[in-house]
Amino acid sequence: MSDPVVQPAATPAPTPTKIFQIFFKIGITSFGGGLVAYLQDEIVGKQKWLTEDDFLAALEIGQTLPGLNSANVAVIAGRKLAGPRGSLAALLGLVLPGVVILCILGVLYERFHQNPDVAAALAGIAAAAVGLLLQVTLKIGKKQFLRPLDLLFVIVTFVLSGILHVSLVAVLFIVAPFAIMLYRPRSNKSPSHG
Amino acid sequence: MDKLIQLLNVFALLSLLAVGGGSAVLPQMEHETVGIHHWLSADSFASIYSLGQMAPGPNMSMVGLIGYKASGIAGMIVVLLAFYLPSSFLVYVVSHVWDAFKENPWRDSIQKGMAPITIGLMLAGVYAVGKTASFDIHRPGWFNAITILIGLTIVALLFIRRFNPAVLILLSGAIGWFVLRLN
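Line order of the protein sequences matches chains F and C. Under this note's numbering, think of the first position of the first sequence as 6, with each following residue one higher. Under this note's numbering, think of the first position of the second sequence as 441, with each following residue one higher.
Treat the hints with care, since some could be wrong.
Said to hold, decoys possible - Sample of chain F residues lacking proximity to chain C, with all beta carbon distances greater than 12 Å (derived):
#1 Thr20
#2 Gln52
#3 Lys53
#4 Asp155
Claimed, not checked - In silico DSSO-like links for lysine-lysine, alpha-carbon gap of 27 Å or less:
#5 Lys571(C) x Lys148(F)
#6 Lys147(F) x Lys552(C)
#7 Lys147(F) x Lys542(C)
#8 Lys144(F) x Lys552(C)
#9 Lys542(C) x Lys552(C)
#10 Lys147(F) x Lys443(C)
#11 Lys148(F) x Lys552(C)
These are computed hints drawn from the structure, not numbers from a lab. Note that this is a predicted model, so its numbers are computed, not measured. Positions of the beta carbon are idealized from the N, C-alpha and C atoms, including for glycine.
Whole structure, please, built from the sequences with the hints as guidance.
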């Protein structure tokens, strides 16, 4: 999966302040999504704080556990670099710039969203946001949409959560066990898919 | 005060239920904040979600604006803490003991089993935002046609090439400025 170009993290462990600075930089420049790639670029590539393998391991944990992938990776990377204070520094650095900018956008929105020019632009932006989310969903779900049984779970989850407003707790703890059982570990033969 | 506690409860739960990233909790978030608690309108929800796409950093920081709509600055702070801290604490603790589960065959089962559910939830998120942003029965047909067309064009463009989404968002805003006018 990952290239075996593992170079050891040579630089001495950074201080929480330094961690905050670097994550702040990522947090303020990462326009347009794809945050994980920005993180990888900086933490593995430029700062050499983590090896490629360490980063991918952190990403795997971050994707498996609940929460935003980028925030989870920041927490894990921060912990590896400087313990709990490192985690806090990384998370704050990553999130704060966006929050401040969103505050400004929010104030502007509150003040101007009745304005017909702004309302027209916002309608275009909102329409685009739906397209972005749909594209990510289709891209991530490529395999699931093509596998009949997976597709069934996709549809059941969509209908329960999106249309019938069944609570997420119920969906996760009632539908998920069936899906997980479907992929339960087989001792002697491997499952029929890749 | 009651409202702050409600915000705390709703978003702390969403934080811990956000399997596969923040988009998975969009449908429940929309339902709770718009449908049940009436903290904001469906229209505002769609707008705030799209503002999130325009800011750097995690898009889901837009939850802070929902908190602000519901209960001012205090609401914003409560929502941001409630949305980021529980999952971060969990990942902090679990990443310590992760290696113990590394070889467990059930981990693979959980990942494969959860994948279609995450996709279903994301699709429900598309629907939750799209039902006002892309197709709104109260708007004229030509308007809905354009908003749907913008969304589908973006899907197609991103499958062809990796355009920067921020640029696509801004372009769509410009298109909206010229054509999406109701009077």
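Now the hints, each set against the structure:
no.: 1; hint: Thr20; verdict: holds, 19 Å
no.: 2; hint: Gln52; verdict: holds, 18 Å
no.: 3; hint: Lys53; verdict: holds, 20 Å
no.: 4; hint: Asp155; verdict: violated, 4 Å
no.: 5; hint: Lys571(C) x Lys148(F); verdict: holds, 26 Å
no.: 6; hint: Lys147(F) x Lys552(C); verdict: holds, 13 Å
no.: 7; hint: Lys147(F) x Lys542(C); verdict: holds, 26 Å
no.: 8; hint: Lys144(F) x Lys552(C); verdict: holds, 16 Å
no.: 9; hint: Lys542(C) x Lys552(C); verdict: holds, 15 Å
no.: 10; hint: Lys147(F) x Lys443(C); verdict: violated, 40 Å
no.: 11; hint: Lys148(F) x Lys552(C); verdict: holds, 11 Å
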